[in-house]
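Listed in order, the protein sequences are those of chains A and B. No gaps in the numbering here: position 83 of the first sequence is 83 in this note's numbering, and each next residue is one more. To convert a position in the second sequence, counted from 1, into this note's numbering, add 1000.
Don't read these hints as lab results, they were simulated from the structure. All figures in this text were calculated on a predicted structure; none of them were measured in a lab. Just so you know, even glycine gets a beta-carbon here, dropped at the ideal spot from N, CA and C. Be a bit skeptical, because a hint or two may be false.
Said to hold, decoys possible - Using 30 Å as the maximum straight-line C-alpha spacing, the simulated DSSO-like pairs for lysine-lysine come out as follows: (1) A/Lys-217 <-> A/Lys-314; (2) B/Lys-1314 <-> A/Lys-165; (3) A/Lys-165 <-> B/Lys-1165; (4) A/Lys-276 <-> B/Lys-1276; (5) B/Lys-1314 <-> A/Lys-276; (6) B/Lys-1276 <-> A/Lys-295; (7) A/Lys-116 <-> B/Lys-1165; (8) A/Lys-116 <-> A/Lys-165; (9) B/Lys-1165 <-> A/Lys-314; (10) A/Lys-332 <-> A/Lys-276; (11) A/Lys-47 <-> A/Lys-332; (12) A/Lys-314 <-> B/Lys-1276.
As the list claims (entries may be wrong) - Here are the computed distance ranges between Cβ atoms for each label pair: (13) B/Arg-1012 <-> A/Gly-274: 45 to 51 Å; (14) B/Pro-1311 <-> A/Glu-358: 50 to 56 Å; (15) A/Gly-72 <-> B/Asp-1301: 32 to 38 Å; (16) B/Glu-1230 <-> A/Glu-224: 34 to 40 Å; (17) B/Lys-1295 <-> A/Pro-229: 35 to 41 Å; (18) B/Pro-1311 <-> A/Lys-332: 45 to 51 Å; (19) A/Lys-295 <-> B/Asp-1301: 41 to 47 Å; (20) B/Arg-1318 <-> A/Glu-81: 51 to 57 Å.
2 protein chains.
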Amino acid sequence: MLERFKVPEKDRVYVAHDRIKQATHDILRHVGVDEQGATASADVLIKNDLRGVESHGVSNGLRRYVDEYNTGVLNGTPNFEIEHETSTTARVNANNALGTHVGPWAMELAIEKASKHGMGAVSVHTSGHLAGCGYYAMQAAEADMVGHAMTAGGANQTVPTWGSKPLLGTNPIAYAAPANEMPPFLFDVATTQVANNKIGLARRTGATILPGWIADKSGEPILEEIPAPENGEFYSLHIGGTRENGSHKGFGFALMNEIICNGFTGLGSGPVTGIKHGGHFFMAYQVEAFTDLAKFKSDMDDLLRYIAAVPPSKGFERVVYAGLLEAEEEQKRLKDGIPYHHEVVEWFESYCAEAGIECDLR
Amino acid sequence: MLERFKVPEKDRVYVAHDRIKQATHDILRHVGVDEQGATASADVLIKNDLRGVESHGVSNGLRRYVDEYNTGVLNGTPNFEIEHETSTTARVNANNALGTHVGPWAMELAIEKASKHGMGAVSVHTSGHLAGCGYYAMQAAEADMVGHAMTAGGANQTVPTWGSKPLLGTNPIAYAAPANEMPPFLFDVATTQVANNKIGLARRTGATILPGWIADKSGEPILEEIPAPENGEFYSLHIGGTRENGSHKGFGFALMNEIICNGFTGLGSGPVTGIKHGGHFFMAYQVEAFTDLAKFKSDMDDLLRYIAAVPPSKGFERVVYAGLLEAEEEQKRLKDGIPYHHEVVEWFESYCAEAGIECDLR
Chain A
1 MLERFKVPEK DRVYVAHDRI KQATHDILRH VGVDEQGATA SADVLIKNDL
51 RGVESHGVSN GLRRYVDEYN TGVLNGTPNF EIEHETSTTA RVNANNALGT
101 HVGPWAMELA IEKASKHGMG AVSVHTSGHL AGCGYYAMQA AEADMVGHAM
151 TAGGANQTVP TWGSKPLLGT NPIAYAAPAN EMPPFLFDVA TTQVANNKIG
201 LARRTGATIL PGWIADKSGE PILEEIPAPE NGEFYSLHIG GTRENGSHKG
251 FGFALMNEII CNGFTGLGSG PVTGIKHGGH FFMAYQVEAF TDLAKFKSDM
301 DDLLRYIAAV PPSKGFERVV YAGLLEAEEE QKRLKDGIPY HHEVVEWFES
351 YCAEAGIECD LR
Chain B
1001 MLERFKVPEK DRVYVAHDRI KQATHDILRH VGVDEQGATA SADVLIKNDL
1051 RGVESHGVSN GLRRYVDEYN TGVLNGTPNF EIEHETSTTA RVNANNALGT
1101 HVGPWAMELA IEKASKHGMG AVSVHTSGHL AGCGYYAMQA AEADMVGHAM
1151 TAGGANQTVP TWGSKPLLGT NPIAYAAPAN EMPPFLFDVA TTQVANNKIG
1201 LARRTGATIL PGWIADKSGE PILEEIPAPE NGEFYSLHIG GTRENGSHKG
1251 FGFALMNEII CNGFTGLGSG PVTGIKHGGH FFMAYQVEAF TDLAKFKSDM
1301 DDLLRYIAAV PPSKGFERVV YAGLLEAEEE QKRLKDGIPY HHEVVEWFES
1351 YCAEAGIECD LR
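Please put together the full structure from these sequences, using the hints given.
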């Protein structure tokens, strides 16, 4: 994540990961989430925070999820219904589970199918926010497979190339692949210039928004540096920003995501149907179905080590691959705690006090 | 394709597609390619030209392939050896076949596996240039599946984010999905700002190269508009161009491509091994393995129609999705012929005259 999105030093409160995870679990239980769901969601969110992906951790997410459980948008005790199944695939109705609740289960199902038949994929509909896709792709990498996860997100956020109105969501895409000695490849990005949650983070940290990152409400890309606008006061742009700089490529990846995540659920596409939460897609490739696993992982070490040794260009310290900085950050945060904005910690403390949850974060 | 890459009006010679396809086939036969290979390659290359993707048609490709056959880099009579196979996957040694020779066959194998088991994927090594990935993804869409194709390309062309030396190839990625009434989704892009072949096209057409598209030989992005440099006088940049504009996203997609295309062949990664031609990857998703096919295709029509109806922003005529303009161009070129640069047509004519091939292109 760019420096501008990090919590400023003066606002940081460092919290031990197991304490914030327990508090997250307890708050989710308090709003009626079953034990499996509270455990799964707390693990996804705190793993994101540990890896420095705080745009998809508890800071932006938990308040919203609590509201969605309290207003009945989300179901804390869902039954996951497999509506259609083959040896390699399944389509699941998540019964209004939070994405972080059903996601780990759905990826396990894909992994199980891949371990028997070489590949496995599961499409999921009627489910809430997934909190990024990296966690799920990583489940497959931890099982020595290549993982792939996507979610169509909420429609009508991102202006397509040459368009004046928003169409798709931020439609993130993740892949992960294992190595032996090097930290695994873990790639997880919105198909927009910048994830919407990062605009929220920028508002909190006072960071500015760079030229070409977002569009105004008439769809025109904003080509100067501005303070982070309020939610609802901007649209996203696809990776590239303008057609000349390749936004049709970002739009194409986003549309592929839309077609697979929503098309494979049978529910139709968000912009057309108005369905708020888009489908998710989880996939695992068994490495041995193609080649020798030990050779693959040793080739991965060679490749990832080679990349980390590419000499940096002027003004930069090092070359990294997706997953390297996050793995280093995780080691640091496991030791030192996770640096949350004090407002986030205060929200936890006041929620816990009101709800009668024991919670010692400092 | 951007206007700047098109052949200028004054240099165009329009050639009927069946004539240029026959000539391409005959030239390939003349350099020793077997009947299956000459037919397959001519179909891939002329399909690209018909769709307006002339960066991956005969203009840039055929001369190079002829050289590679004549110097023994390519094998015109290869046996495709399936080295490893499961119900859903296969790894193939293409025995130095041109990519356009083995590609259609490999995608057929993936489609056959998907039609039986829900998904199918084939990795291919020891093979030459694939000429883009769109043709192969489209084979699956024509079989009512979602298609996915990638190739790792030649290493050491593209500078990674923050790097001073090139690492990966242009590593293109394609997806295709069928609809009923609307032209199918067909997305096929290099994971660089601009495909290397397009720099060649720009040299031929006199077009300039925009800021942030390529880097100089020290890895620094060139941030002004310049004439197209010679081959070997520049490096590519990943989609986004700079880190602030998201080049880590382009780099991540390219690395995913590298890991799957080369990792799944067992041959290791191009930058590490020095192997010139990277692996290919072909995959098909059977729609019925997830949901009802008729509903999926009708949802695709609704989505694609919705996109084409998004009002354009100021200064633009319309909003399009990947595959729409190309499908329209194909209809036009089937009727009017394909507009080649006169130098390309002259090359065909002189090659045919020398080789004693009957060839009437005008």
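To see whether the hints hold, each was checked on the structure:
{"no.": "1", "hint": "A/Lys-217 <-> A/Lys-314", "in the structure": "38 Å, violated"}
{"no.": "2", "hint": "B/Lys-1314 <-> A/Lys-165", "in the structure": "12 Å, holds"}
{"no.": "3", "hint": "A/Lys-165 <-> B/Lys-1165", "in the structure": "40 Å, violated"}
{"no.": "4", "hint": "A/Lys-276 <-> B/Lys-1276", "in the structure": "47 Å, violated"}
{"no.": "5", "hint": "B/Lys-1314 <-> A/Lys-276", "in the structure": "28 Å, holds"}
{"no.": "6", "hint": "B/Lys-1276 <-> A/Lys-295", "in the structure": "20 Å, holds"}
{"no.": "7", "hint": "A/Lys-116 <-> B/Lys-1165", "in the structure": "41 Å, violated"}
{"no.": "8", "hint": "A/Lys-116 <-> A/Lys-165", "in the structure": "45 Å, violated"}
{"no.": "9", "hint": "B/Lys-1165 <-> A/Lys-314", "in the structure": "12 Å, holds"}
{"no.": "10", "hint": "A/Lys-332 <-> A/Lys-276", "in the structure": "37 Å, violated"}
{"no.": "11", "hint": "A/Lys-47 <-> A/Lys-332", "in the structure": "13 Å, holds"}
{"no.": "12", "hint": "A/Lys-314 <-> B/Lys-1276", "in the structure": "28 Å, holds"}
{"no.": "13", "hint": "B/Arg-1012 <-> A/Gly-274: 45 to 51 Å", "in the structure": "46 Å, holds"}
{"no.": "14", "hint": "B/Pro-1311 <-> A/Glu-358: 50 to 56 Å", "in the structure": "55 Å, holds"}
{"no.": "15", "hint": "A/Gly-72 <-> B/Asp-1301: 32 to 38 Å", "in the structure": "34 Å, holds"}
{"no.": "16", "hint": "B/Glu-1230 <-> A/Glu-224: 34 to 40 Å", "in the structure": "36 Å, holds"}
{"no.": "17", "hint": "B/Lys-1295 <-> A/Pro-229: 35 to 41 Å", "in the structure": "38 Å, holds"}
{"no.": "18", "hint": "B/Pro-1311 <-> A/Lys-332: 45 to 51 Å", "in the structure": "48 Å, holds"}
{"no.": "19", "hint": "A/Lys-295 <-> B/Asp-1301: 41 to 47 Å", "in the structure": "45 Å, holds"}
{"no.": "20", "hint": "B/Arg-1318 <-> A/Glu-81: 51 to 57 Å", "in the structure": "41 Å, violated"}
Hints 1, 3, 4, 7, 8, 10, 20 from the earlier list are contradicted by this structure; the remaining hints agree with it.
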